[in-house]
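Q: Sequence:
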Amino acid sequence: MCNDWDPQLLDVYYFIFISCFVNVLVHFFQLISMMFILSSL
12 MCNDWDPQLL DVYYFIFISC FVNVLVHFFQ LISMMFILSS L
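First residue of the sequence shown: 12, per my numbering; consecutive thereafter.
Hints may contain errors.
Pairwise CB distance ranges, derived in the manner of DEER restraints [as the list claims (entries may be wrong)]: (1) Ser51 - Pro18: 29 to 37 Å; (2) Cys31 - Leu52: 26 to 34 Å; (3) Asp17 - Phe39: 30 to 38 Å; (4) Phe39 - Gln19: 42 to 50 Å; (5) Leu52 - Gln19: 43 to 51 Å; (6) Phe47 - Phe26: 43 to 51 Å; (7) Ser51 - Asp17: 33 to 41 Å; (8) Leu42 - Leu21: 26 to 34 Å; (9) Leu42 - Pro18: 34 to 42 Å; (10) Leu49 - Gln19: 39 to 47 Å; (11) Phe26 - Ile48: 30 to 38 Å.
I should point out that these hints are in silico values taken from the structure, not numbers from a laboratory. Note that beta-carbon positions come from the ideal geometry of N, C-alpha and C, so glycine has one too.
Required output: the full structure, derived from the provided sequences and hints.
A: If you want it as structure tokens, here you go:
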């Protein structure tokens, strides 16, 4: 395990992870709301 990590690169990976996570959450909530609307019709 090398200890020469670039902090800037780590920030980039963290940002990508967070954005992907938010993206998945948004799609999940959209799906849930769509199911709810369809079931209430």
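Q: Evaluate each hint against the coordinates.
A: Status of each hint after checking the structure:
1. Evaluation of the 29 to 37 Å hint for Ser51 and Pro18 yields a failure: the beta carbon distance comes to about 49 Å.
2. Range check, Cys31 to Leu52: about 32 Å between beta-carbon atoms, so the 26 to 34 Å window is met.
3. Hint check: Asp17 to Phe39, Cβ distance near 32 Å, so the stated range 30 to 38 Å holds.
4. With their beta carbons about 31 Å apart, Phe39 and Gln19 fall outside the hinted range of 42 to 50 Å.
5. Range check, Leu52 to Gln19: about 50 Å between beta-carbon atoms, so the 43 to 51 Å window is met.
6. For the pair Phe47 and Phe26, the supplied restraint of 43 to 51 Å is violated, since their beta-carbon distance comes to about 32 Å.
7. Taken as a hint, the range 33 to 41 Å is violated for the pair Ser51 and Asp17, whose Cβ atoms sit roughly 50 Å apart.
8. Range check, Leu42 to Leu21: about 32 Å between beta-carbon atoms, so the 26 to 34 Å window is met.
9. Against the hinted window of 34 to 42 Å, the Cβ-Cβ separation of Leu42 and Pro18 comes to about 36 Å, which satisfies the hint.
10. A C-beta distance of roughly 45 Å is found between Leu49 and Gln19, which places it inside the suggested range of 39 to 47 Å.
11. Evaluation of the 30 to 38 Å hint for Phe26 and Ile48 yields a pass: the beta carbon distance comes to about 33 Å.
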